[in-house]
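Residue numbers (our numbering), protein chains in the order written: chain A, 466 to 574; chain B, 352 to 464.
Derived from the structure by calculation, the hints contain no laboratory data. Fair warning: there could be bad hints in the mix.
Here are the computed lysine-lysine pairs in the DSSO-like style, where the Cα-Cα straight-line distance is at most 27 Å [to be verified]:
1. B:K421 x A:K507
2. B:K362 x A:K507
3. B:K362 x B:K421
4. B:K408 x A:K507
5. A:K534 x A:K522
6. A:K522 x A:K533
7. B:K408 x B:K421
Letter by letter, the chains look like this.
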Amino acid sequence: EDQVTQSPEALRLQEGESSSLNCSYTVSGLRGLFWYRQDPGKGPEFLFTLYSAGEEKEKERLKATLTKKESFLHITAPKPEDSATYLCAVQVTGNQFYFGTGTSLTVIP
Amino acid sequence: DAGITQSPRHKVTETGTPVTLRCHQTENHRYMYWYRQDPGHGLRLIHYSYGVKDTDKGEVSDGYSVSRSKTEDFLLTLESATSSQTSVYFCATWDQRFPYEQYFGPGTRLTVT
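All chains should be built: construct the whole structure from the sequences, respecting the hints.
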């Protein structure tokens, strides 16, 4: 059974304190790994897609990496405006997407 | 912002009544998806479409049906709403052309009383 697990469920950081979020997966027919940011009351906002182990992508204070069994979202020197829920999803054969339950990030000024 | 709209944005309905949610896109994406989001479960796929009149079931499809008569529009119907279908519903699109991004609509909050 395809499964996506995100950890931790919640994370509180001081402003400027770097950390990483984890997304591990067990799926057959992986086509891609997607990261999203979701603010309360809104739809998820696309951040990154990773397609092969070893691939990395960056956007401002965020960097996503991919291995054969997991992905990390590294947050460098976070700011309060980075507070949100971060979701990962795997895209499988047939172009279906399976999501993890997310990591709720709070950055304290 | 990606061109995906959902209507209605909020709806309260009674158990046993039919409900239709609409998703409209201006991205010309081939794939469209309906998800529901519930606390503790994350986003779960209900149905998806890979072209006009081409649809398939997701992991939580029981009690839901979909239709796609035009590229732009994807409808989700609850034939007879139940309290367990109280949720936030999101529509999303994806295309296999670069940049391969998945876009989400703003969501519909549905309450079944």
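Outcome of the hint check:
Restraint check: the Cα-Cα separation between K421 (chain B) and K507 (chain A) comes to about 26 Å, which is no more than 27 Å; the hinted pair holds. For the suggested pair K362 (chain B) and K507 (chain A), the alpha carbons sit about 16 Å apart, so the restraint of at most 27 Å is met. For the suggested pair K362 (chain B) and K421 (chain B), the alpha carbons sit about 24 Å apart, so the restraint of at most 27 Å is met. Our distance criterion of 27 Å between C-alpha atoms is met by K408 (chain B) and K507 (chain A), whose separation comes to about 25 Å.
For the hint linking K534 (chain A) to K522 (chain A), the alpha-carbon distance of about 17 Å falls within 27 Å, and the restraint holds. Taking the CA atoms of K522 (chain A) and K533 (chain A), the gap is near 16 Å; set against the 27 Å cutoff, the hint holds. Pair hint K408 (chain B) plus K421 (chain B) holds up; C-alpha atoms about 19 Å apart against a cutoff of 27 Å.
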